[in-house]
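Below, each chain spelled out in residue letters.
There are 2 protein chains.
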Amino acid sequence: MAKDVTTIPYKIYLTEDEMPKNWYNVRADMTKKPAPLLNPGTLQPMTAEELEGVFCKELVEQELDDTTPFIEIPQEIRDFYRMYRPSPLVRAYCLEEKLDTPAKIYYKFEGNNTSGSHKLNSAIAQAYYAKKQGLKGVTTETGAGQWGTALSMACAYFGLDLKVFMVKVSYEQKPFRREVMRTYGASVTPSPSLETNIGRAINEKFPGTTGSLGCAISEAVEVATSTEGYRYVLGSVLAQVLLHQSVIGLETKAALDKYGITPDIIIGCAGGGSNLGGLIAPFAGEMLRGEKDYKIIAVEPASCPSLTRGKYVYDFCDTGMVCPLAKMYTLGSGFIPSANHAGGLRFHGMSSIVSELYDQGYIDAVSYEQTEVFEAAEMFARCEGILPAPESSHAIKCALDEALKCKETGEEKTIVFGLTGTGYFDLKAYEQFNDGKMTDYIPTDEEIAAGLAGVPQFPGNEI
Amino acid sequence: MAKDVTTIPYKIYLTEDEMPKNWYNVRADMTKKPAPLLNPGTLQPMTAEELEGVFCKELVEQELDDTTPFIEIPQEIRDFYRMYRPSPLVRAYCLEEKLDTPAKIYYKFEGNNTSGSHKLNSAIAQAYYAKKQGLKGVTTETGAGQWGTALSMACAYFGLDLKVFMVKVSYEQKPFRREVMRTYGASVTPSPSLETNIGRAINEKFPGTTGSLGCAISEAVEVATSTEGYRYVLGSVLAQVLLHQSVIGLETKAALDKYGITPDIIIGCAGGGSNLGGLIAPFAGEMLRGEKDYKIIAVEPASCPSLTRGKYVYDFCDTGMVCPLAKMYTLGSGFIPSANHAGGLRFHGMSSIVSELYDQGYIDAVSYEQTEVFEAAEMFARCEGILPAPESSHAIKCALDEALKCKETGEEKTIVFGLTGTGYFDLKAYEQFNDGKMTDYIPTDEEIAAGLAGVPQFPGNEI
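Those protein sequence lines, which keep their order, are chains A and B.
All you need for the numbering used here is the position in the first sequence, starting with 1, plus 87.
All you need for the numbering used here is the position in the second sequence, starting with 1, plus 87.
These are computed hints drawn from the structure, not numbers from a lab.
Accuracy of the hints is not assured; some may be wrong.
Given that identical chains are not distinguished, each listed pair holds provided it fits within a single copy or across any two copies.
[Claimed, not checked] When the alpha-carbon atoms are kept at most 30 Å apart in a straight line, the in silico BS3-like pairs for lysine-lysine are as follows: (1) 219 / 98; (2) 108 / 90; (3) 292 / 345; (4) 345 / 108; (5) 524 / 223; (6) 98 / 108; (7) 345 / 98; (8) 524 / 218.
Only a predicted model underlies this, so the values are computations on that prediction, with no experimental measurement involved.
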C-alpha cells in the first residue's frame with residue numbers, strides 16, 4: 088500500500104457545507120493593481136457605462152472592483168455548484184510510486200462535469216447574472232468548444248437563450264462538441280457567418296476562410312450589442328472570470344488545510360489565465376500579504392509563449408479589435424500559433440491579473456513542446472486512470488519534472504497542480520501522438536517580432 | 088432551495104473507509120439457483136477444468152460458486168477502486184423540481200471515470216486475477232467500446248498485454264474509442280480480421296462484412312486459447328461480472344443507510360445484465376431472505392426486448408457458438424436488433440442471474456422506444472447537468488414515468504436508478520435526435536420467432 092494512504096485518502100472531498108461561500112478577489116490584496124482596461128478610441132479607462140453596453144451589469148461591477156477581497160457567491164450559483172462540486176483534490180499515489188519520488192503530488196481535478204473542464208465555474212455565474220438582469224439571452228464565441236459547452240449547460244439551467252459563434256474549422260472538425268451544445272439547447276453558428284456585418288465582410292474579403300477566434304468574438308459582440316435583451320459573455324482573460332474561478336483555489340486550500348498539508352509548489356497551465364488565476368488566487372493572496380511563500384509555476388505551450396517570450400504592454404484582446412485594450416503579456420493580437428492541439432492555450436495574451444503577478448515576481452513561467460506534453464499525458468493516464476486534456480497535460484509535465492527533481496535531491500516537496508479537464512474530445516490529437524505523427528514547433532524570434540508589431544503604439548506602450 | 092436539501096446533500100459520498108470490502112454473491116441467497124452453464128457438445132454442466140482453458144482460474148471459481156455470500160475484494164483491487172470510487176449517489180433535486188413531483192429521486196452515477204461507465208468495476212478485477220495467475224495478457228471483444236476502454240485502463244494499470252477485437256463497423260465509426268484504448272496501450276484489431284481462422288473464414292464467406300459482436304467474441308476466444316499465457320475475458324452476462332458489479336449496489340445501499348433512506352423502487356437498464364445485476368444485488372438479497380420488499384424494474388429497448396418478449400431457455404451466448412450454453416431470457420443468438428444507438432443494450436440474451444430473478448418474480452421489466460428515451464435524456468441533461476449514455480437513459484425514462492405517477496397519486500415514493508455512464512462517445516446518436524431524424528423500430532412477432540428458431544433444440548429446451 089502506498090505511503091500516507093492510511094492518513095490521507097486518495098481523494099479529499101469537502102462536504103457541501105465546507106464549500107466556499109465567497110469568491111476571493113486577489114486584486115484586493117495587491118498593492119500595485121493590474122492596469123485597467125482602456126477604451127481603444129480614447130485610451131482612457133473603460134467606464135462602467137461603456138462596459139454595460141456589452142457585458143451584464145453585475146459582472147461589470149465585479150470587473151471593475153479591485154478592492155473588495157470577498158464577494159458572496161449567490162445561493163442560486165452555490166446550488167448549481169453543488170451539482171458537480173466540490174471537485175476532488177486527488178493524491179497521485181500511483182504516479183508517485185511510478186516515479187519513485189519522495190515528492191507528494193496532489194491534483195485538483197475539474198473534469199468531472201459534462202463540459203469536461205473548469206469553464207463551468209464561471210459560465211454558471213455569468214448566466215445567473217444575465218438572468219437576474221432580466222436578459223433574454225447571451226452570445227459568445229468558442230474555439231475548441233469547452234467554454235461553449237459549459238455556457239450551454241449554464242444557460243439551459245437558467246432558461247436563457249444562447250447563441251454561440253463557433254470557429255468554422257472547429258464546427259466542422261469537432262461535430263461532437265457542437266452536438267453537446269445543441270443538446271443543451273444552444274444555437275451554434277459557424278463563424279464567419281452571413282448573419283453579421285463583420286462576418287459578411289470577412290467572408291467577402293477571404294472567401295473560403297475557416298475562421299478565427301478573433302472573428303468569432305467580433306460576431307458575438309455584434310449580435311449582443313445589436314439585439315434587444317442580449318449581452319456578450321467571455322470565458323477567460325477577464326478579472327470577473329478569475330474571480331469566479333477562485334472557487335478552484337479556495338476548495339484546494341480548504342482541502343489541504345483539512346489535512347494539515349502545506350504545498351511547496353503550485354502548478355497550472357496558462358492560456359488566457361482563467362484556471363491558473365483561479366487555482367493560485369488564495370495562495371497568491373497569502374504571498375501578497377506576506378504570510379506564506381510558495382513557488383507558483385505557470386505552464387504554457389512553446390508554440391504560444393506569451394509569458395516567457397511576450398511583452399507586457401497594452402494590446403487588443405481579439406483580432407477583430409472590437410474589445411477594450413488590456414495590459415498583459417502578449418505576443419500581439421495578430422500572432423498565429425502553429426497548429427497545436429492545446430486549443431485552450433492558443434490565446435495570444437494573458438489575463439491582466441496573472442500578467443501583473445508574474446511581472447511582480449510572484450509567478451514563474453515555463454514552456455513545453457507538444458510531444459513531451461503528450462508523453463506526460465500518456466504516462467499519467469496509464470497510472471492515474473484519467474485521460475487528461477492536452478491543456479491540463481502541460482501542468483502534468485511540469486509536475487513530473489518537479490517530482491523528478493525531488494528524486495534527485497531527496498527532497499519531500501509537496502506539489503499541487505490543476506488538472507483542468509479531460510481529453511475525451513481531443514482524441515484526434517491523441518491519435519496523432521499514438522501514430523507517432525505529432526510534431527513540435529517553436530516560433531522564431533522573427534515570428535514573435537512580427538506578431539508584436541501589431542501592438543497598438545501610443546506613448547508609454549512602446550515595444 | 089429544494090426540499091430536504093439541508094439534511095440530504097446533493098451527492099452522498101461514502102468515505103474511502105466505508106467502501107465495500109467484499110463483493111456480494113446474490114446466488115448464495117437464492118433457493119432456486121440460476122441454471123449452470125452447459126457444454127454445448129455434451130449438454131453437461133461445464134467443469135472448472137473446461138472453463139479454465141478459456142478463463143482465468145480464480146474467475147472460474149467465482150463463476151461456479153453459488154453458495155458463498157461474501158467474497159473478499161483483494162487489496163490491490165480496492166486500491167484501484169479508490170482511484171475512481173466511491174461513485175456518488177446523487178439526489179436529483181433539480182429533476183424533482185422540474186417534474187414537480189412528490190417523489191424523491193436518487194441516481195448512482197458510475198460515469199466519473201475515463202471508461203465513462205460501470206464496466207471498469209469488473210475490468211480491474213479480471214485484470215487483477217489474470218496478473219495474479221502470471222498471465223502475459225488477455226483478449227476480449229468490444230462493440231460500442233465501453234468495455235474495451237475499461238479493460239485497456241485496467242491492463243495498463245497491472246502491466247498486462249491486451250488484444251481487443253473491435254467490431255469493424257465500430258472501429259471505423261468510433262475512432263475516438265479506438266484511440267482511448269490505444270492510448271492505454273491496447274492493441275485494437277478490427278473484426279473480422281485476417282489474424283484468426285474464424286476471421287479469415289468469415290471474411291471469405293462474407294466479403295466486405297462490417298463484423299458483429301458474435302464474430303469478435305469468436306476471434307478473441309480463438310487467440311486466447313491458442314496463445315501461451317493468454318486468457319479471454321468478458322464484460323457482461325457472466326456471474327463473475329455481476330459479482331464484481333455488486334460494488335455498485337453495496338455502495339448504493341450503504342449511502343442510503345447512512346441517511347436512513349429506504350427506496351421503494353429501484354431501476355436499472357438491462358442489456359447483458361451487468362449493471363442491473365450489480366445495482367440490485369443487495370436489495371434482491373434482502374427480498375430473497377424475506378427481510379424487505381422493493382419494486383425492481385429492468386428497462387430494455389423495445390428493439391431488443393429479451394426479458395419482455397424473449398423465451399427462458401438455454402441458448403448460445405455468441406453468434407459464433409463457441410461459448411458455453413447459458414440459460415437465459417433470449418431472443419436467439421441469431422437475432423439482429425434494428426439499428427439502435429444503445430449499443431450496450433443490443434445483446435440477444437440476459438444474464439442467468441437476472442433471468443432467474445425475473446422468472447421468480449423479483450424483477451419487473453419494461454421496454455421503451457429510442458426517441459422517448461432520448462427525450463428523457465435531453466431533459467435530464469438540461470436540468471441535472473450530466474449528459475447520459477443512451478443505455479443509462481432507458482433507466483432515466485422509467486424513473487421519470489414512475490415520478491410522474493407519484494405526481495398523479497401524491498405518493499412520496501423514493502426512486503433509485505442506476506446512471507451507468509456518460510454519452511460523450513454517443514454524440515452521433517444525439518446529433519440524429521437533435522436533427523429530428525431518429526426513428527424507432529419494434530420487431531414484429533415474426534422477427535422474434537425467427538430469432539428464436541436458432542435456439543438449440545434438446546429435451547427440456549423446447550421453445
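Consistency of the hints with the structure:
no. : hint      : result
1   : 219 / 98  : between (35 Å within a copy, 27 Å between copies)
2   : 108 / 90  : between (34 Å within a copy, 20 Å between copies)
3   : 292 / 345 : neither (58 Å within a copy, 65 Å between copies)
4   : 345 / 108 : both (17 Å within a copy, 26 Å between copies)
5   : 524 / 223 : between (46 Å within a copy, 29 Å between copies)
6   : 98 / 108  : both (22 Å within a copy, 18 Å between copies)
7   : 345 / 98  : both (12 Å within a copy, 20 Å between copies)
8   : 524 / 218 : neither (46 Å within a copy, 32 Å between copies)
Of the numbered hints stated above, those contradicted by the structure are hints 3 and 8, listed in ascending order.
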